[in-house]
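Asks: Each chain is listed here by its residues.
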Amino acid sequence: MKIRDISRMAWDQVKRRKVVTGLCMTGISIGCAAIIVALSIGQSAQTYVTDQVNQNFKMDEITVTPGGGIPSRGGGGGGSGESNENLDPGKLTAQKLEIIKSLNHVVAAAPFEDAGYMQMLTVDNKIADVQVKATDLRMLTEFGFKFKQGGVTDLPGMVVLNYGATLGLIDNETRQKLYEQLGADPFNSALMDQYNSMSTLPSEMYRQQVQLQATDYSTSEGNIRLSSALQVGGILSTAEGTDDLRASYEKIMYVSLETAAQLTQQLSFGTNNGMTPNVEENSYKTVTVKVDSTDNIKSVEAIIQKLNLNAMDNLYQQEMLKEQFDMIKMAALGIGVFILIIASISIIVAMTMSTHQRRRQIGIMKVLGANMGQIRNMFITEAALLGLLGGLLGVLFSYLIIMGLNKLVGTAGDSLNFVIPLTTIPVGLAFAIMTGVLSGIYPAISASRTDALTAIKRD
Amino acid sequence: MLRVENIKHSFKTGNEWTTVLHNINFTVNKGEMVALLGSSGSGKSTMLNLMAGLMKPTEGHIYIADHDIVQMGENKLAEFRRKHIGFIFQAYELITSLTVRENVELPLVFQSISPSVRKQKALALLEQVGIPDKADLFPSQLSGGQQQRVSIARSLITEPSVIFADEPTGNLDTKTEEEIIAILLKLNQSLKTTFIVVTHELEVAEQMQRTFSLRDGYLINNQQPPADAESAEGGAG
Ligand SMILES: Nc1ncnc2c1ncn2[C@@H]1O[C@H](COP(=O)(O)OP(=O)(O)OP(=O)(O)O)[C@@H](O)[C@H]1O
Ligand SMILES: [Mg+2]
Chain F
1 MKIRDISRMA WDQVKRRKVV TGLCMTGISI GCAAIIVALS IGQSAQTYVT
51 DQVNQNFKMD EITVTPGGGI PSRGGGGGGS GESNENLDPG KLTAQKLEII
101 KSLNHVVAAA PFEDAGYMQM LTVDNKIADV QVKATDLRML TEFGFKFKQG
151 GVTDLPGMVV LNYGATLGLI DNETRQKLYE QLGADPFNSA LMDQYNSMST
201 LPSEMYRQQV QLQATDYSTS EGNIRLSSAL QVGGILSTAE GTDDLRASYE
251 KIMYVSLETA AQLTQQLSFG TNNGMTPNVE ENSYKTVTVK VDSTDNIKSV
301 EAIIQKLNLN AMDNLYQQEM LKEQFDMIKM AALGIGVFIL IIASISIIVA
351 MTMSTHQRRR QIGIMKVLGA NMGQIRNMFI TEAALLGLLG GLLGVLFSYL
401 IIMGLNKLVG TAGDSLNFVI PLTTIPVGLA FAIMTGVLSG IYPAISASRT
451 DALTAIKRD
Chain R
1 MLRVENIKHS FKTGNEWTTV LHNINFTVNK GEMVALLGSS GSGKSTMLNL
51 MAGLMKPTEG HIYIADHDIV QMGENKLAEF RRKHIGFIFQ AYELITSLTV
101 RENVELPLVF QSISPSVRKQ KALALLEQVG IPDKADLFPS QLSGGQQQRV
151 SIARSLITEP SVIFADEPTG NLDTKTEEEI IAILLKLNQS LKTTFIVVTH
201 ELEVAEQMQR TFSLRDGYLI NNQQPPADAE SAEGGAG
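Residue numbers (the working numbering), protein chains in the order written: chain F, 1 to 459; chain R, 1 to 237.
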């Protein structure tokens, strides 16, 4: 029997038996929609959260810190660092940095010393808290930073601000006043709005002079020290898709290692106030390494560890999330499959009913030479077709459901947006067809066993 | 062509076995058209169903084209039936969801014959049974006589060795009955297909070349087949 004939006859039956078709399609479509919606929600939530994580943690970077472990022999690549290793083998030296830079798959490597939070003071007396990071400024672009304005020069006292550091600069009085008002009336939404709009108020910082100031809290007077004048040589642009409010949360000033050393001298009070870049000649506390692809992170890390250094990446963040979302997806799939199993009961019942009603027809076909296999195939094809139709309807349902969900979430004003990944549609359809076929097996076999004679005999 | 040997058939009703066919023996030659005559309950349908392989006899053998169909399993029988046996029912048994042409084609569908070949054959047969214009109608749109013509065309489409007809005119009025019998006789003449026609009407049986009469499960006039293919008795009135 030709496939074409089988499918045409199956289609004929599906068309004629509207009640059976409707019943089966409803069940399957709900199950299929459940699978597609569940997978899509899982996927969308994963994308959303992963995006959030990626904005905060760079996945293709390794943070290298000095190794504290027992000195090990046989760092094959560390020929030039040999003499230093005798003193402190775990030291993160300039030579080691050079070796790391020359490694395969390493795009860039540079020290990023976190010098802590400082107050940045503009010439017109505006203040912002910025995080100071000491690095090789020439390497910034190689780490994927883009300049919105300006660029890098080697001039001493030159700093680079990220975009966030140009937002929400307020003069001290206004700032104090607003803080006080907010403190007195924390639930005043007008004040809050004012605060928010001020936080994103841009200032022209390019080519401006700034100073850093530190307050010595160890004494009751709170001595204030000011750094020498720094020149803003460049403004970085934000990562794509970051809005101003979000950008304003992160204010960073990048300074060169030399400048950092200078600042230490100017601002240190003798006591540790957080401003301790401690830039030793030829040795670093933190080096960030950018790798060409996340696939090579682990292999590069292995080599770095051979240099007696600690290497840390952010992949575990993703892995943790992936595990969590895999679990959510499995649970969702389970729910969908459960619904399909229920649906398959409706198909079995409906199809068995239908085979019973069609016993006579089956009998005739057998007398005309249809064998058991052919009858069975006809019924299974019919069931598969029901599954496919139910699946298609389910796809339609799932789009409607996701649309509804987006409307719901949309009003909440979050950037979470549900989409149906195209790959989930074949998965949903496959489950639907499989349900059809599996539930069709019993009715098909019972149909193929119909005794021709008893079927035709009229009562 | 067809040989029935020592057939005995019993049905179990409750705890008792009732034998409805006793030691039946007869032979039908190729191209013959014979009647199986008997009153209601005499065992005609049972005999026909046994010959068509739709059920197994309690005892005995049935040979069609030298194959013992009693020995065949269900799928083998389906295959055999497809190639060698045509069937015409009293109540036509057309499939209501298919058009007339599709009904006629149906046995070929199970043989995976291509649609174009099927269509051509079906239309030719509908022409032969006199309803070429009804090809695209559905069975419900036809009269009983016309439906039986469709059923006859369907039984012939596989070019079977033998066609079994169980009271093919049982549901029809006398005039239509004559038309149908005439068609069967004509087809038997032109196609040389063997026909075995069950009837309880003597007038019908008399038009066939030979008649086997059943009474209470016994064959009562086992006429030997003619030595040669005869021509004197046959033909429509
Ligand atoms: N499935 C069955 N189970 C039990 N008895 C049966 C069965 N089929 C037929 N019989 C019996 O076998 C006998 C012969 O029946 P059969 O149908 O062959 O008669 P028939 O000659 O075709 O009669 P009619 O002209 O009424 O069709 C009857 O007595 C009937 O009751
Ligand atoms: Mg009968």
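Worth double-checking, as some hints may not be accurate.
As the list claims (entries may be wrong) - Here are the simulated lysine-lysine pairs, DSBU-like style, with alpha carbons at most 35 angstroms apart:
id: 1; chain 1: F; residue 1: Lys457; chain 2: R; residue 2: Lys121
id: 2; chain 1: F; residue 1: Lys58; chain 2: F; residue 2: Lys457
id: 3; chain 1: F; residue 1: Lys306; chain 2: F; residue 2: Lys290
id: 4; chain 1: R; residue 1: Lys12; chain 2: F; residue 2: Lys457
id: 5; chain 1: F; residue 1: Lys18; chain 2: R; residue 2: Lys121
id: 6; chain 1: F; residue 1: Lys2; chain 2: R; residue 2: Lys12
id: 7; chain 1: R; residue 1: Lys76; chain 2: F; residue 2: Lys457
id: 8; chain 1: F; residue 1: Lys91; chain 2: F; residue 2: Lys407
id: 9; chain 1: R; residue 1: Lys76; chain 2: R; residue 2: Lys119
id: 10; chain 1: F; residue 1: Lys457; chain 2: R; residue 2: Lys56
id: 11; chain 1: F; residue 1: Lys2; chain 2: R; residue 2: Lys119
id: 12; chain 1: F; residue 1: Lys306; chain 2: F; residue 2: Lys58
id: 13; chain 1: R; residue 1: Lys8; chain 2: F; residue 2: Lys457
id: 14; chain 1: F; residue 1: Lys2; chain 2: R; residue 2: Lys8
id: 15; chain 1: R; residue 1: Lys192; chain 2: F; residue 2: Lys457
id: 16; chain 1: F; residue 1: Lys457; chain 2: R; residue 2: Lys186
id: 17; chain 1: R; residue 1: Lys121; chain 2: F; residue 2: Lys2
Claimed, not checked - Among chain R residues calculated to face chain F with C-beta under 8 angstroms, some are:
id: 18; residue: Met55
id: 19; residue: Val70
id: 20; residue: Met72
id: 21; residue: Ile95
id: 22; residue: Ser97
id: 23; residue: Arg101
Derived from the structure by calculation, the hints contain no laboratory data. Note that CB positions come from ideal geometry on N, CA and C, so glycine has one too.
Asks: Hints first: check each against the structure and report whether it holds.
Replies: Hints and how they fare:
1. Lys457/F / Lys121/R: holds, 30 angstroms
2. Lys58/F / Lys457/F: Since the Cα atoms of Lys58/F and Lys457/F sit roughly 77 angstroms apart, the hinted pair is violated (cutoff 35 angstroms).
3. Lys306/F / Lys290/F: Holds - the C-alpha atoms of Lys290/F and Lys306/F are around 18 angstroms apart, at most 35 angstroms.
4. Lys12/R / Lys457/F: Between Lys12/R and Lys457/F the Cα gap is close to 17 angstroms, so the pair holds against 35 angstroms.
5. Lys18/F / Lys121/R: holds, 33 angstroms
6. Lys2/F / Lys12/R: violated, 40 angstroms
7. Lys76/R / Lys457/F: With Cα atoms ~23 angstroms apart, Lys76/R and Lys457/F stay inside 35 angstroms; holds.
8. Lys91/F / Lys407/F: Distance of about 56 angstroms is beyond 35 angstroms: violated.
9. Lys76/R / Lys119/R: holds, 27 angstroms
10. Lys457/F / Lys56/R: holds, 16 angstroms
11. Lys2/F / Lys119/R: holds, 15 angstroms
12. Lys306/F / Lys58/F: holds, 23 angstroms
13. Lys8/R / Lys457/F: Distance ~21 angstroms between Lys8/R and Lys457/F Cα, so the pair holds.
14. Lys2/F / Lys8/R: violated, 40 angstroms
15. Lys192/R / Lys457/F: Between Lys192/R and Lys457/F the Cα gap is close to 30 angstroms, so the pair holds against 35 angstroms.
16. Lys457/F / Lys186/R: holds, 29 angstroms
17. Lys121/R / Lys2/F: Holds: Lys121/R and Lys2/F sit about 18 angstroms apart, inside 35 angstroms.
18. Met55: holds, 6 angstroms
19. Val70: violated, 15 angstroms
20. Met72: With Cβ-Cβ at 12 angstroms, over 8 angstroms, it is violated.
21. Ile95: OK, holds: Ile95/R within 8 angstroms of chain F, min 6 angstroms.
22. Ser97: Where the cut-off is 8 angstroms and the nearest Cβ of chain F is about 6 angstroms from Ser97/R, the hint holds.
23. Arg101: Not OK, violated: Arg101/R not within 8 angstroms of chain F, min 14 angstroms.
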